[in-house]
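Participant: Okay, here's what each chain looks like letter by letter:
4 protein chains.
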Amino acid sequence: MQIGIVGLGRMGGNIGRRLMRNGHTCVVYDHSPEATEALVKEGATGSSDLGGLVKGLAAPRVIWLMLPAGKITEDTLNDLYPILSPDDVVIDGGNSFYKDDIRRAVRFKEKGIHYVDVGTSGGVWGLERGYCMMIGGEEEVVHRLDPILSTLAPGAGNVPLTPGREGRDTRVQNGYMHTGPTGSGHFVKMVHNGIEYGLMQAYAEGFDILKHKASTELPESERFSLDLADVAEVWRRGSVVSSWLLDLTAGALAKDGALGNYSTEVADSGEGRWTIEAAIEEAVPAQVLSAALYTRFRSRDDESFAERMLSAMRFGFGGHHEFSPK
Amino acid sequence: MQIGIVGLGRMGGNIGRRLMRNGHTCVVYDHSPEATEALVKEGATGSSDLGGLVKGLAAPRVIWLMLPAGKITEDTLNDLYPILSPDDVVIDGGNSFYKDDIRRAVRFKEKGIHYVDVGTSGGVWGLERGYCMMIGGEEEVVHRLDPILSTLAPGAGNVPLTPGREGRDTRVQNGYMHTGPTGSGHFVKMVHNGIEYGLMQAYAEGFDILKHKASTELPESERFSLDLADVAEVWRRGSVVSSWLLDLTAGALAKDGALGNYSTEVADSGEGRWTIEAAIEEAVPAQVLSAALYTRFRSRDDESFAERMLSAMRFGFGGHHEFSPK
Amino acid sequence: MQIGIVGLGRMGGNIGRRLMRNGHTCVVYDHSPEATEALVKEGATGSSDLGGLVKGLAAPRVIWLMLPAGKITEDTLNDLYPILSPDDVVIDGGNSFYKDDIRRAVRFKEKGIHYVDVGTSGGVWGLERGYCMMIGGEEEVVHRLDPILSTLAPGAGNVPLTPGREGRDTRVQNGYMHTGPTGSGHFVKMVHNGIEYGLMQAYAEGFDILKHKASTELPESERFSLDLADVAEVWRRGSVVSSWLLDLTAGALAKDGALGNYSTEVADSGEGRWTIEAAIEEAVPAQVLSAALYTRFRSRDDESFAERMLSAMRFGFGGHHEFSPK
Amino acid sequence: MQIGIVGLGRMGGNIGRRLMRNGHTCVVYDHSPEATEALVKEGATGSSDLGGLVKGLAAPRVIWLMLPAGKITEDTLNDLYPILSPDDVVIDGGNSFYKDDIRRAVRFKEKGIHYVDVGTSGGVWGLERGYCMMIGGEEEVVHRLDPILSTLAPGAGNVPLTPGREGRDTRVQNGYMHTGPTGSGHFVKMVHNGIEYGLMQAYAEGFDILKHKASTELPESERFSLDLADVAEVWRRGSVVSSWLLDLTAGALAKDGALGNYSTEVADSGEGRWTIEAAIEEAVPAQVLSAALYTRFRSRDDESFAERMLSAMRFGFGGHHEFSPK
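Order-wise, the sequence lines are chains A, B, C and D. Per the working numbering, residue 32 is the first one in the first sequence, and the count goes up by one each step. Per the working numbering, residue 32 is the first one in the second sequence, and the count goes up by one each step. Per the working numbering, residue 32 is the first one in the third sequence, and the count goes up by one each step. Per the working numbering, residue 32 is the first one in the fourth sequence, and the count goes up by one each step.
Same shape as in the complex, but just chain A:
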């Protein structure tokens, strides 16, 4: 099947590769000529601008956008709008806010263009393992895309089918799901990432407790010097906390148990934040997911005003001198 791909970064480039390796035809464009050229070398048809990409595709076209959420995606969609034709399909495979999808789909529909939002999980491993996809849009359009989606998906692999799922939609057990109308794909992916933050923080706190068990501030008889790389590895087999994130953690710790190369400043993307906003809109208590997000905020804030204020109050009532060295 023929597809256009806009945005050839870590995710978009590999999506193209996985498709081409499985017999699909790609017309690609990235604002960086080098990124475009790299895919051309692997068999894609390159294009130097959006217009070229559109012209290079047979109608009805299928165009997959894999761009950073926000302005770039919005601008690109605005640029595509006038040059697409009725029955074309635009796929936003990035991490857009689902309310933006709903708004955009309405506009594209006015011109007869189909808008599909795909939440894509898999990171740098997707080329090899396939991408877990959550797809929002019209059923018949999603069906039309099945050759592409089934190729990108991981397939059943060695993960056994959950008992009781016999007779249900087989796409799901192959790692891609039509979640519902436009926006629902990115909504499910958004919550996926919110959960991801929570899982990561749970492991991080646990290993931090293990590590500090060697602290000389504890009584000597209660200190343990634990091999964290071994702990991560042993939990991968037979324990309740085994997971793919734990596999990755075990890999990092096996290289360096102190993780000394890694930053203590942790970025967050929009999806973690939007998950909390969704929880608030729905009045769902999200204690863990919020706490996980906030630890990332705090990790980047060396000059916490809140903490200065605590020191100021402590000085105020107790005369505790906690003055900044600066």
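Just so you know, these hints were derived from the structure itself, not from any lab. Where hints are given, some of them may not hold.
Identical copies go unnamed one by one, so any copy, or any two together, can satisfy a pair.
Unchecked claim - With a Cα cut of at most 20 Å, we get these calculated EDC-like pairs of lysine to aspartate or glutamate:
no.: 1; residue 1: K86; residue 2: D110
no.: 2; residue 1: K130; residue 2: E308
no.: 3; residue 1: K286; residue 2: E313
no.: 4; residue 1: K102; residue 2: E159
no.: 5; residue 1: K102; residue 2: E253
no.: 6; residue 1: K102; residue 2: E313
no.: 7; residue 1: K140; residue 2: E253
no.: 8; residue 1: K86; residue 2: E170
no.: 9; residue 1: K130; residue 2: E251
no.: 10; residue 1: K130; residue 2: E248
no.: 11; residue 1: K102; residue 2: E312
no.: 12; residue 1: K140; residue 2: D110
no.: 13; residue 1: K140; residue 2: D118
no.: 14; residue 1: K286; residue 2: D200
no.: 15; residue 1: K86; residue 2: D200
Go by the hints and put chains B, C and D onto chain A.
Facilitator: Quick look at chains B, C and D alone, frame taken from chain A:
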């Protein structure tokens, strides 16, 4: 190898079974004659009291206790103390508090008896999958137990070895680890369970947000009615949040997407609580692990005094009438 | 000074009363004729619709809206827009979202009408104690309103001036503050309410811990049966935790130490939620303010799906039977 | 009344001063001769060791310890034990753990010595404002101490009596309370401090949100540059969040709105930690009090291992390069 097992509940019984199926000899005792009898039918030598169990074992003995943490374990160890001999090994495979292990090991050592603490993860699946074990105690004693431990452990299975682990202790990649001196096994298992609480709560909040997205309190255009069983299943393949806990969740949702049979009151065991106490002793911020524990406390408290007090304050300053129907 | 008041509930009615008791003239309207009539009996000029209220005021008019945030406030502003004249002043004294203020002010400015947002704290006590006000808008307009604002404000009272404030804006020490441009008044009031949630929850948790110290689940030697009304009262004098909220709590506990009349379901208004959204927009970690909001969500959710899911997982890995009685 | 005071730091010294200014007689000892000398200059009888202090007091003696909780208090009590006589009273006015009180009182009782635990709030302001005291011990002994306690207490001051308290124990409205048996005084003080952490953090987060509203990372139309000193001052009058902590905050902000002199590292004392442990023992969800404690832990941990681990995982699945500059 010959072993005595005291406590034949869900965990202890299956530990005996897994050992016998792999050629070990078991002398067993449970305060319930029926539980003892069940193992005898599968090949164990039964005994009607602790004394009989000790007599039935050749010295130096190996006795595995698989009892509820706290008084029962403590009492049983006290009963064993006078009837054991130097060089015998007592293993506490339950969920004891690690500081209790440290205290007990000192006492047993006075009589030349070895005390080993084993944190055992695997639940009802251990018989089939094997048990992930974290083991505290003297190296030579742990080595002596290797025939038993390697049988109980899951083995490498189809979990690939983490790159960079070549040349390291192979027990770890087979699912059991000598974590360090006495107490360290239960300490690592304790943190394992603390992490487990956090992971579970992260999934629970995420799915709660997905479920409430169908709430009629949201604007109709922003509502999605998501198939949670499908979401859990699709995330099992290729996504960042795949895990064994997610596999179990997918299984439960496949049977009933509303989970209507399950209680909203969630128990907690000592290990979740001790993990927080350890975090506090070490001054490690454990926002997520604590929040996860507290949601369990709250789930069992229908008559929250804290919340009555919020209502009382709201009435006090704002005249908001929030009176109990009772 | 003459003022029009729209909305005569607990807040709006008392604002009118406080103004009239201090020599101001009020033209009032409420969609409930009884509410209007009540104020008329105390000296106001009543009007049966918005148009009548506008006609009853001399230009340039000052109109104070004291309505529930959201649709009612928006509709009323839309109704006022065509019948107001340049240089009139519209004040939104309710709990509107500050971004709505910014949007509305732009529109009103197009017609030369001034829009002022006033965050008003004081609840049912404001009539007697005065209202703490946070005011956003143009300086000259806020200045024009000073006769009204200074009357509504509490004044310095017996609260001593903070050392170091000599020479600063004296309005502040009298309990009202021009916080900045349009929207800033409601923004500051929003954060005020977010803090309020956190303070309330801190007291509520503390008293819950005191109350449960009598629990029969604790060892008898560690139980205390504390008189919570006395505890609240004693903390009001000389302690670090004294506050007006504690005064109110002491009052409620003095009537009934069990607070048996109060609901365990606690409402939340928009401002607590918007505070968290602001924290997220600013990447400020708001662990306590969020946790306080979520306890309110949870207090109203008897059928937590998240907790059912925890039970389902526990059953999945551990065979723990936690089935709903229903 | 005659009293011995051991420990003449910020708290103990001022306790002596307040007693002497009101006609009581003090025999004092501090391990620092200078501290002892300072009180002698103000009228106390100094002593160079514990034995001298005991000899300088008429039996039955009253001795108030005002020492750091933990080893120093424990050692001093051990030193006093052999040189005190039946019917003497030992008061621990520091911040001891209440379970230590219970244990100590049993021992002292064996010799007929009375042990009283007094939780003392008031900080550096106590000399002038008086100390709020929570007192655990035998009723007749607490009664015997009333001349001292009533002098140290703040008295009713200008805080009006809570309606409904007519006819209740008048000590409470004067700022001191006999909370119950030994240990209960420090237990109530412990929870008082737990609440204090929560209140402080609520204000700190709120002001942090106000401060960051000027961040240039926000859209310009949504930025406000708020005068935090003014905000704190205006909330002191008529608002729901007024409190003594807010008064102190207003004072600090009036001097420097950036709080630039204060540390971002915030200490915590045992009582905040013990409060959480008590909550866990009682299964009371303490989301806010825990979160407040953890922010202090985090404030002192520049090299969070947990956060390194988040970065390692992010690199693992997403190739996000977050390497430490070190």
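Participant: Hint by hint, say whether it matches the structure.
Facilitator: Each hint tested on the structure:
Only within a single protomer do K86 and D110 lie at most 20 Å apart by alpha-carbon distance; the minimum there is 14 Å, versus 52 Å between protomers. Taking the shortest Cα distances, K130 and E308 sit within 20 Å of each other both inside one copy (12 Å) and across copies (16 Å). Taking the closest pair of Cα atoms, K286 and E313 never come within 20 Å of each other, the shortest separation being 42 Å inside a single copy and 26 Å across copies. Taking the shortest Cα distances, K102 and E159 never come within 20 Å of each other, neither inside one copy (30 Å) nor across copies (52 Å).
Taking the closest pair of Cα atoms, K102 and E253 come within 20 Å of each other only across two copies (18 Å); inside a single copy the shortest separation is 54 Å, beyond that limit. For the homomeric pair K102 and E313, the shortest alpha-carbon distance between copies (19 Å) is at most 20 Å, but the shortest distance inside one copy (27 Å) is not. Taking the shortest Cα distances, K140 and E253 sit within 20 Å of each other only across copies (18 Å), while inside one copy they are farther apart (66 Å). When the C-alpha separation of K86 and E170 is checked against a cutoff of 20 Å, the pair qualifies neither within a copy, at 27 Å, nor between copies, at 57 Å.
With identical chains, the CA atoms of K130 and E251 are at most 20 Å apart between copies only, with a shortest distance of 13 Å across copies and 55 Å within one. In this homomeric assembly, K130 and E248 come within 20 Å of each other (Cα to Cα) only across copies, at 17 Å, whereas the closest approach inside a single copy is 50 Å. For a Cα distance limit of 20 Å, the shortest separation of K102 from E312 across copies, 17 Å, qualifies, whereas the shortest one inside one copy, 24 Å, does not. In this assembly of identical chains, K140 and D110 lie within 20 Å of each other by CA distance solely inside one copy; the values are 16 Å within and 34 Å between copies.
Proximity of K140 to D118 under the C-alpha cut-off of 20 Å is restricted to the intra-copy arrangement: shortest distance 9 Å within a copy versus 45 Å between copies. Proximity of K286 and D200 under a CA criterion of 20 Å is satisfied inter-copy only: 15 Å between copies versus 41 Å inside one chain copy. With identical chains, the CA atoms of K86 and D200 are never at most 20 Å apart, being 36 Å at best within one copy and 59 Å at best between copies.
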